[in-house]
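Q: So you can see what is in the structure, the chains are spelled out below.
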Amino acid sequence: MKIERREIIAAGGLAAFAAGFSQTLGRVVSNFTGEKEPRFAEGRHIHGRSPEPEYTVDPVTGEFTPNPNQQVSYTACLGCTTQCGVRVRVDKASGEVIRVVGNPYSPLSTEPHLPMKVSVKESLIAMSRFQDQGLAGRSTACGRGNAAMDQMSSPFRVLTPMKRVGPRNSGEWEAISFEQLVKEVVEGGDLFGEGHVDGLAALRDLENPIDPAAPELGKRVNQVGVLTSVNDGRENFSRRFWNQSFGTLNHVGHGSYCGGAYRSGSGALFGDLKKMPHAKPDLSNAEFVLFIGTAPANAGNPFKIFGSKLAKGRSEGRLDYVVVDPVLNNSNNLATAERGRWVPIRPGTDGALVMGIIRWMFDNDKVNAGYLAWPNLKAAEAAGEPSFTNAGWLVIAEEGHPRQGRFLRGSDIGIEVAAEDKYKDADPYVIATAEGELVAANSATVPAVLEATRIVELGGKPVMVKTPFELLRESARRFELAEYSAACGIPEEIIAGLADEFTRHGRKASAVAHGGMMAGNGFNNAYAVVTLNALIGNLNWKGGFIINGGGFKDNAAGPRYDLETFPGQVKPSGTPVGRNVPYERSSEFKRRQAEGKPYPATDAWFPNAPGLGTEWFTGALRGYPYTLKALVLWSCNPLYGIPGIRPLIEKDLADPKKLPLIISVDPLINESNAFADYIVPDSIMYESWGFPAPWAGIPTKATTARWPVVEPKATTNADGQRIGMETFYIALAKAMNLPGFGTDAIADMDGKRYPLDRAEDWYLRGAANVAFAGKTPVGDATDEDMALSGVDRIRPLMESTLKPEEWRKAAMVFTRGGRYQGADEAQDAARPEWQANRFNKPLWVWNENIGTARNTMTGERSSGCATWMPPSFFDGTPMREIHTEADWPLQIVSYKSALQNSYSIATRITSLHPDNPVIVHPADAGKLGLQTGDSARIRTPGGNAACTVIVHEGVMPGVMAIEHGYGHRELGARAHRLGEHTQPDRPDLRAGINLNDLGLSDPTRGDKVIWVDSVSGTAVRQGLPARLERV
Amino acid sequence: MKAPSSPLVDASRRAFLRGVPALTAAAAVAPTPALANDGKHQWAMLVDVRKCIGCQACTVSCIQENIVPEGSFRTVVSTYSVKLTDSDQPAGTYVLPRLCNHCDNPPCIPVCPVSATYKREDGIVAVDGDRCVGCAYCVQACPYDARFINHETNKADKCTFCAHRVDAGLLPACVETCVGGARIFGDINDPNGELSRRLKEAQPELKVLKPELETAPRVFYIGLDERFTGKVEGEGTLWKPRNLHSSAHG
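Line order of the protein sequences matches chains A and B.
Numbering-wise (the numbering used here), the first sequence opens with residue 1051 and increments by one.
Numbering-wise (the numbering used here), the second sequence opens with residue 199 and increments by one.
Same shape as in the complex, but just chain A (with noise of 0.2 Å):
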């Protein structure tokens, strides 16, 4: 390997150590006054200004010494999705967080993780240098984990009520009660001086149809719509207030613009399309893992951990992989280069490398026909595998029939099946046997014939039938491997070679994909690459892909009280504003249909993806399918994160007379909730309570507990309740008297009733549900464990609320920061080499739902199985068609940041990494002779941004990469005035650029609609058209 010193670029941190000392040369006057240091070694002052150790352990001994001003309590972080178990250190005396790092319980953070039964005090001693253990057990924050405690003491904090002044957007707010919040958001009025508002007591109608003529749209309560983010443990409380009594349907996530391409080409395997379940790398035991649009140790979810694992797994020698990714980043490390390669790939053509690998396999007959025959999991586990697809299963292949693209039937062939039940669940699915039998794929002990094109005879008429391994053997070969090259850019003995590596390791390989998938073809994309598991057949096993072990539920109904239902809660029902269901059913279709030209309908629909966020602005603000009369942000930023939404929406959005009422919870200002009416604050980081669960990628159950490990900042009611998330929702839902909160909301397993007025009612309660979940329940906290925690602090509250044989268990669950499965569980004890926690369904090498699903533009069917099509808008154009390589010669795509995320933006991280210049390709930039450093603009056909760049070789040439994180508007970048006080301005945060505000309109929508996947509805920002110009 050659490397020219001008060849080398630093990426990052590379002046650190110069910098500082020429502005502070001569500067010799000592004028340091020391504060009230700590002094400890030698008698000399040598500690700077370093806080107070939280803890002594004696290196020889082990013995522990407790600082009594410091406690050190285990809940979850807040910096990114992943929410790892930490421990923070806090100075009890001011209530300030001191420092982070990991919680040694949690499997989030450490590997192995400690046993429930480990005391807190044996816990801390394990993280200290006594006999190493410190290091064997160590248990970390990543580099952002350590700098989110910045947000809690952040200038930029909503801590008391705010309702704007002025029009929406205009950044200037003033003050008001809770009490007033309240009344005004529940009654109404002319509340701005604008004319009247509807309140919320007046938009619970769950009487009235939205529209007579269209009855499935539901009620008018339908109208309030709830957007959030991620689930931090507390969603479940917001959902019974807004679903089930409120009567709302309307309360979607944000992931639909995060990384919901891959989840839905994942739910397309996994055969559920809703819930989406995913599965991750072993990477604990893995040989071989192609992350494909993913960059492990670097980001992802879980990131840390993954991080963790894979450095261990290469530098012990077991553990290659390779990532596939337009852009280069911290995946990669030149000191293992033989353990973990960079393939750089062109965006949204995932699906192409993929296609070809498979199509290699097929020829070269390494797909794992022998585990794909399995019909059902009782042969399959019979055959000594742990998991089984429907490969075998015969599909209607008849082109024109009405029933293409569905499986055959045991109806269909003379099986017994009750009439009601024809087509449905109990009607089994048909597999072909060695000797040419026709038979129930449920309850066959043989394999299934994987090549068994026939004629069935269907109604009288012959029929063409296929298995799923056919039809994806000829999705494969419908291109050569080096069409498949020429479209991804990559080279045909590498998709070759990548080919042959993964099936080179027995059930000890996997691919996986994130946000990489989010292009124009996202959803074939990823379902491309969760397919290549399904063909070595690694699911479930020890080293291969895996699914997570699942967690203890707060909300159940029991094990000790019921969180989930209660007398009078409402069931919502009607149609998404998402449009996540299918068109078919809706008045629009029969009337279309019933003047014979039932497509296209109006706007896109998406019968096989979950609630959109994406289509949600777009929707309300058009009117299709309805208006929303109140919007409620809840900790969420979409504005910010969905690409090309602003342009489409700023002026709709300012006008309360396209959307009546914007209410937001959160704990800070966004670039979405400057739009609010009104802004609660709510609970931030450590202050808040709630009961996350691991994402993916954990093998053993886990439930992390977050409870204020310090007292929270925002101001309180007249009843003296810290102002949040929950204090909000039980002071509406009382306001309006709705059923679940107040006075006997919950009920215990005897039917006592209890209260619900305070958010210590419902998440202590939740702690006992966790505490008590499964076979046994956790042990009892000791007071020496409540001491050392914090959890002293809310042990009163415990004892007040909870039974006297509960008590203690709650506090166990959040003297540990959670509750979690041993380590040594991860496998099946009787079986070792198969994980414990198992997916049990079949996996849908061909999936009738997307199989059958018309294009409601183009009345078009899509693929069934994984296929390559180029990244498209909405009825199937290419993208390229209408912005050609001759006018957008480039390509953007975004990557996440090993440091920054969408609101990390005023912690330390900043000082850090201030700005994300975009990487541009030296072939690129030469030809704009552009340089290093140099200023420059990025044109897209949805808008434009100045930016910087850094010409290195670590980006796909034609291609420009930007960090995620960057060019806010808001969160600090602007200064709010808030009555009398004005936020500090602070310019800097505004650096960089946010590739969404470069987004892209769907030119066959009419470009009034985002671009989004045609099938999972996702938001498309990999790969858009662009162009750079110097400036």
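If you are wondering where the hints come from, they were derived from the structure by calculation, not from laboratory data.
Treat the hints with caution; some may be incorrect.
Below are the DMTMM-like pairs computed for lysine to aspartate or glutamate, each with C-alpha atoms no more than 20 Å apart in a straight line [to be verified]:
#	chain 1	residue 1	chain 2	residue 2
1	A	Lys1853	A	Asp1925
2	A	Lys1416	A	Glu1524
3	A	Lys1362	B	Glu392
4	A	Lys2058	A	Glu1855
5	A	Lys1825	A	Glu1849
6	A	Lys1171	A	Glu1113
7	B	Lys238	B	Glu319
8	A	Lys1603	A	Glu1614
9	A	Lys1621	A	Glu1266
10	A	Lys1362	B	Glu399
11	A	Lys1213	A	Glu2030
12	A	Lys1362	B	Glu403
13	B	Lys238	A	Asp1108
14	B	Lys398	A	Glu1366
15	A	Lys1142	A	Asp1833
Far from chain A by the CB rule (all over 10 Å, computed), these chain B residues [to be verified]:
#	residue
16	Lys238
17	Asp302
18	Asn303
19	Val309
20	Lys408
Ranges between beta-carbon positions, derived for each pair [stated by the list, open to error]:
#	chain 1	residue 1	chain 2	residue 2	range
21	B	Val309	A	Arg2040	39 to 45 Å
22	B	Thr283	A	Asp1322	44 to 50 Å
23	A	Val1168	B	Thr283	47 to 53 Å
Just so you know, even glycine gets a beta-carbon here, dropped at the ideal spot from N, CA and C.
Keeping the supplied structure of chain A fixed, place chain B upon it in accordance with the hints.
A: Frame of chain A, contents of chain B only:
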């Protein structure tokens, strides 16, 4: 890297990955961590670069633990995008955690006019804040750019191995939070300790920064590439931490 020219040729295990050039082995003689003969603690650190993921957890934890002013760093992970000219992989990432090397022969000590900088009996190079006048001679003398003048205290400042934590039986903040497990801290005088064991295991590939200066660093590296041991003249330093040197932002 050289992938098999035909898919089925050269199908040995890990054929696909082989061929990416590994970083060259050290020409320099591997340092032998000296065993101080007084039998007392001698603190040292091993940095396994293969395990570093460049997450800067060490950097930020150090800032929080030691109240390091914005724009200054007691430790940081330099991160490079390296062009590869004899590989199919066009570029790669190289990371290098840096901190005070707590040299056994520290160039910073003799230049201090007030004897504020000194070496503790346990090997930690420290700055006595009561003596330091902030003249910055030591800052200039350090070949590792590990020192700075703390503009809030006006004293020379640098990594102390978190001596206040070490003395309390705890680990340095950066070590506690190292996500990749790249930083190993311990006593090289404890033959049964994790550090000694790892140093012994890694002996053939052990390196230090700038061995030619004979500073006898107490920070050892595995996976160190000589091309990065000095000050790298990067063409662009855009990913450069901000150095505001004002107390306006906390």
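Q: Each hint should be assessed against the structure and marked as holding or not.
A: Results of checking the hints against the structure:
A C-alpha spacing of about 59 Å is found between lysine 1853 of chain A and aspartate 1925 of chain A, which places the hinted pair above 20 Å, so the restraint is violated. For a cut-off of 20 Å, the pair hint linking lysine 1416 of chain A to glutamate 1524 of chain A stands: about 16 Å separates their Cα positions. Between the alpha carbons of lysine 1362 of chain A and glutamate 392 of chain B the distance comes to roughly 16 Å, so the proposed pair stays at or under 20 Å and holds. For the given pair, lysine 2058 of chain A sits about 59 Å from glutamate 1855 of chain A by alpha-carbon distance, which is inconsistent with the 20 Å threshold.
Simply put, lysine 1825 of chain A and glutamate 1849 of chain A have alpha-carbon atoms about 24 Å apart, too far for the 20 Å limit, and the pair is violated. For the hint linking lysine 1171 of chain A to glutamate 1113 of chain A, the alpha-carbon distance of about 10 Å falls within 20 Å, and the restraint holds. Between lysine 238 of chain B and glutamate 319 of chain B, the direct Cα distance comes to roughly 8 Å. Compliance with the 20 Å bound is thereby established for this hinted pair. Between lysine 1603 of chain A and glutamate 1614 of chain A the CA atoms are separated by roughly 10 Å; this keeps the pair inside 20 Å, and the hint holds.
For the hint linking lysine 1621 of chain A to glutamate 1266 of chain A, the alpha-carbon distance of about 14 Å falls within 20 Å, and the restraint holds. At most 20 Å may separate the alpha-carbon atoms for a hinted pair to count; lysine 1362 of chain A and glutamate 399 of chain B meet this at roughly 16 Å. A threshold of 20 Å between alpha carbons decides the hint, and for lysine 1213 of chain A with glutamate 2030 of chain A the separation of about 14 Å falls inside it, so the pair holds. For a cut-off of 20 Å, the pair hint linking lysine 1362 of chain A to glutamate 403 of chain B stands: about 18 Å separates their Cα positions.
For a cut-off of 20 Å, the pair hint linking lysine 238 of chain B to aspartate 1108 of chain A stands: about 16 Å separates their Cα positions. At roughly 16 Å between alpha-carbon atoms, lysine 398 of chain B and glutamate 1366 of chain A fall within 20 Å of each other, so this suggested pair holds. A threshold of 20 Å between alpha carbons decides the hint, and for lysine 1142 of chain A with aspartate 1833 of chain A the separation of about 18 Å falls inside it, so the pair holds. Non-interface call for lysine 238 of chain B relative to chain A: holds, since the shortest CB-CB distance, roughly 13 Å, exceeds 10 Å.
Separation of aspartate 302 of chain B from chain A is adequate, the least Cβ-Cβ distance of about 18 Å exceeding the 10 Å criterion. Non-interface call for asparagine 303 of chain B relative to chain A: holds, since the shortest CB-CB distance, roughly 20 Å, exceeds 10 Å. Listed as a non-interface residue, valine 309 of chain B keeps its Cβ farther than 10 Å from every Cβ of chain A; the least gap is roughly 13 Å. Under the 10 Å C-beta cut-off, the non-interface status given to lysine 408 of chain B relative to chain A holds; the minimum distance is some 13 Å.
Separated by about 42 Å at the C-beta atoms, valine 309 of chain B and arginine 2040 of chain A satisfy the suggested range of 39 to 45 Å. Checked against the given bound of 44 to 50 Å, the beta carbons of threonine 283 of chain B and aspartate 1322 of chain A, roughly 48 Å apart, stay inside it. Our hint of 47 to 53 Å for valine 1168 of chain A and threonine 283 of chain B holds, since their Cβ atoms are close to 52 Å apart.
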